[in-house]
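As you go down the protein sequences, you meet chains H and X in turn. Here the first sequence stands for residues 1 to 259, where the numbers follow this note's numbering. Here the second sequence stands for residues 260 to 590, where the numbers follow this note's numbering.
No lab work stands behind these hints: they were computed from the structure. On a predicted model such as this, the values are computed, not experimentally measured, just so you know. Each hint should be verified, as a subset may be incorrect.
Unchecked claim - The calculated lysine-lysine pairs, modelled on DSS-like cross-linking and capped at a C-alpha distance of 27 Å, are: (1) H/K25 x X/K362; (2) H/K30 x X/K362; (3) X/K482 x H/K30; (4) H/K256 x X/K482; (5) X/K482 x H/K25; (6) X/K265 x H/K25; (7) X/K387 x X/K362; (8) H/K25 x X/K387; (9) X/K391 x X/K362; (10) X/K265 x H/K30; (11) X/K397 x X/K265; (12) X/K391 x H/K256.
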Amino acid sequence: MKDGWLQRLRDELAQAWTVTVKDMKVYYLKPGMIMFGFMMPFFMFFSFSVKREMAAAQGTARLLALTTFFTAAAAGPFIIPTERRLGTYDRLMAAPMSLLTLLLGKTAVGALFAIGTSAFALLVGVVAFGASIAQPGLLIAGIFLSAFSFSALGLIFGSIPTHNPGDVQMPSTLLRWGLLFISGVFVPLAEMGAVARALAYLSPLTYAQDLMNHAVLGRGAMTAPLLNPWLDIGVLLVSGVLFLLPSIKMHQRSRKLGY
Amino acid sequence: MNNAIKVQNLTKYYGDFLAVDHINFEVRQGEVFGFLGPNGAGKTTTQRMLTTLLEPTEGSIVIHGHDLARDAYPVKRRMGLVPEESNVYTELTAWDNLMFTAKLYRVPRSERAAQARELLETFGLWEKRNVKAQDFSKGMRRRLSIAMAIIHQPALLFLDEPTPGLDAQSARAIRDLIRQLNAEGTTIFLTTHQIEEANQLCDRVAIINHGQIAAIDTPERLKQAFQRVQSVEVALEPDGQAHGEPLSALAGVTTAVKMGDKWRLYTQDPSALLPQVMDYARSHELRVVSLSTLGPSLEDVFLEITGQQVGTVRHEAERSKPRRRGMGGRR
Chain H
1 MKDGWLQRLR DELAQAWTVT VKDMKVYYLK PGMIMFGFMM PFFMFFSFSV KREMAAAQGT
61 ARLLALTTFF TAAAAGPFII PTERRLGTYD RLMAAPMSLL TLLLGKTAVG ALFAIGTSAF
121 ALLVGVVAFG ASIAQPGLLI AGIFLSAFSF SALGLIFGSI PTHNPGDVQM PSTLLRWGLL
181 FISGVFVPLA EMGAVARALA YLSPLTYAQD LMNHAVLGRG AMTAPLLNPW LDIGVLLVSG
241 VLFLLPSIKM HQRSRKLGY
Chain X
260 MNNAIKVQNL TKYYGDFLAV DHINFEVRQG EVFGFLGPNG AGKTTTQRML TTLLEPTEGS
320 IVIHGHDLAR DAYPVKRRMG LVPEESNVYT ELTAWDNLMF TAKLYRVPRS ERAAQARELL
380 ETFGLWEKRN VKAQDFSKGM RRRLSIAMAI IHQPALLFLD EPTPGLDAQS ARAIRDLIRQ
440 LNAEGTTIFL TTHQIEEANQ LCDRVAIINH GQIAAIDTPE RLKQAFQRVQ SVEVALEPDG
500 QAHGEPLSAL AGVTTAVKMG DKWRLYTQDP SALLPQVMDY ARSHELRVVS LSTLGPSLED
560 VFLEITGQQV GTVRHEAERS KPRRRGMGGR R
């Protein structure tokens with residue numbers, strides 16, 4: 001076995017990908033993932049959008065924000081407690097890879113699920129509703145960054161020391177619903193009061209929605225984006241990295257508690 | 260002989276509860292080391308600390324010369340773990356389970372398929388390689404779980420209760436495999452409460468009780484240290500089962516335990532007890548179907564050390580005597 005940090009880095013990346021592929025095979029078709037990850041964003045979109053006047057592009061941008069957010073954040077809270085309960089998480093924790101590698105592998109599981117679901121949502125928006133995409137490159141960047149950030153957010157809940165997925169679903173769902181209503185998804189930022197808008201700026205979903213607006217609607221649209229897209233990109237990137245930190249801390253705590 | 264594992268002052272608190280209490284032991288390279296203890300004694304907690312799954316409160320663990328707290332990576336590469344529950348991925352086939360583990364442990368691509376095939380053939384799972392583990396029996400999952408733990412050819416293998424719940428054939432196959440792995444140079448750390456299994460497999464055993472190491476030695480030396488736990492086993496006819504009370508009243512008998520159609524009479528002096536048993540049989544016109552003296556088994560040692568009593572049968576007059584041990588018998 002070759003030594004050196006480069007070999008170690010290659011090993012760790014390969015291990016992260018191995019974890020991701022395994023989880024995709026094991027969990028993507030589980031009812032919990034399909035319900036909370038795939039169907040929920042569409043269900044919510046149609047619940048809050050039917051019979052409201054909305055341009056196809058605006059609806060598509062909203063649907064994309066919803067799918068990246070809900071789908072990516074659903075994976076961690078479902079997969080990790082399930083694996084803890086079944087004992088398979090021990091297999092991963094005992095394997096020769098760093099905790100960060102494991103968490104990156106798990107983040108990719110949710111992110112790729114969200115990217116796939118968003119691709120489906122985009123297809124629905126473009127084919128079924130005739131939406132056009134103003135900036136495709138920005139859209140791809142937005143979907144990827146949002147998926148990464150929200151998957152890392154979901155991982156925080158997955159990292160709560162418990163063997164029961166039910167213990168995690170409740171706080172995870174509460175937070176996701178809370179963020180949904182303060183982040184300019186259903187009420188555009190421009191229409192919010194000062195306090196609500198200040199609150200919205202604390203939510204990463206706000207930046208994801210704004211970025212989707214940039215990418216799908218472009219400038220000069222009815223529900224125009226308010227923020228600089230580079231700010232959106234920066235916030236999503238940084239928040240994704242920052243969201244990994246509490247997960248690391250909670251895993252370290254789990255090792256002390258015996259989960 | 261070099262140590263594979265060296266544990267010093269290892270301690271684990273769960274809140275205020277002291278699960279493992281400043282234990283010290285060494286496991287030599289190439290040995291099968293049994294870690295015995297009753298439920299809740301601290302066996303699994305210790306094993307989880309040794310396999311990096313649980314952080315110790317105090318103490319140090321050095322495995323193959325690496326301090327686990329500071330340098331776990333090289334240890335993990337050479338370590339295999341078979342937990343109590345067969346933690347295979349039931350949604351994956353046997354083949355995919357092995358491939359996943361091989362990739363996780365960075366087994367070279369050129370060796371993965373050959374290793375997996377060899378293991379599946381060894382474990383009698385080759386024909387089932389494309390079957391999902393959810394359709395496997397408990398024994399098959401166990402074998403797959405062990406195959407996953409050794410696909411990277413670890414130098415140190417941790418096995419937590421490898422055979423309970425398995426049929427006799429599967430349990431024997433796993434014990435044979437443990438012997439084979441050990442013969443090939445793998446150090447085995449066997450956590451079990453199956454005393455006879457430890458007796459058959461282990462070069463040395465440690466007995467942990469209430470979080471502390473109560474004894475540590477070879478099975479035979481431990482038995483020698485407990486020569487006072489000897490017994491005479493007798494089967495009488497007719498109606499041999501009705502004689503427990505008078506037999507336990509014979510001089511020198513500390514406990515009488517019903518063992519199927521026999522009575523086992525624990526004593527410190529079997530030679531003094533034998534003539535008494537014969538006299539009793541003669542005076543009651545009983546036929547002695549079998550009569551034998553037994554040294555202490557590892558189970559006797561274990562129960563003596565851990566102070567466990569799993570049901571005893573004793574004569575009324577004997578109740579004031581200190582109760583040593585016993586199991587199984589009821590009247």
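Status of each hint after checking the structure:
As the CA atoms of H/K25 and X/K362 are separated by approximately 15 Å, the hinted pair is consistent with the 27 Å bound. As the CA atoms of H/K30 and X/K362 are separated by approximately 24 Å, the hinted pair is consistent with the 27 Å bound. Between X/K482 and H/K30, the direct Cα distance comes to roughly 53 Å. Violation of the 27 Å bound is thereby established for this hinted pair. For the hint linking H/K256 to X/K482, the alpha-carbon distance of about 37 Å lies beyond 27 Å, and the restraint is violated.
Distance check on the hinted pair: X/K482 and H/K25 sit about 51 Å apart at the alpha-carbon level, beyond 27 Å; violated. Restraint check for X/K265 and H/K25: not satisfied, since their Cα atoms lie roughly 40 Å apart, outside the 27 Å limit. A hinted pair counts as satisfied when its Cα atoms are at most 27 Å apart, and X/K387 with X/K362 qualifies at roughly 21 Å. Under the criterion of a C-alpha separation no larger than 27 Å, the hint pairing H/K25 with X/K387 is consistent with the structure, at around 19 Å.
Straight-line distance between C-alpha atoms of X/K391 and X/K362 comes to about 19 Å, which keeps the hinted pair within the 27 Å bound. Note on X/K265 and H/K30: the hinted pairing is violated, with a Cα-Cα distance of about 43 Å set against a maximum of 27 Å. About 34 Å separates the Cα atoms of X/K397 and X/K265, which puts this hinted pair outside 27 Å; it is violated. For the hint linking X/K391 to H/K256, the alpha-carbon distance of about 34 Å lies beyond 27 Å, and the restraint is violated.
Checked against the numbered hints given earlier, this structure breaks hints 3, 4, 5, 6, 10, 11 and 12; the rest are met.
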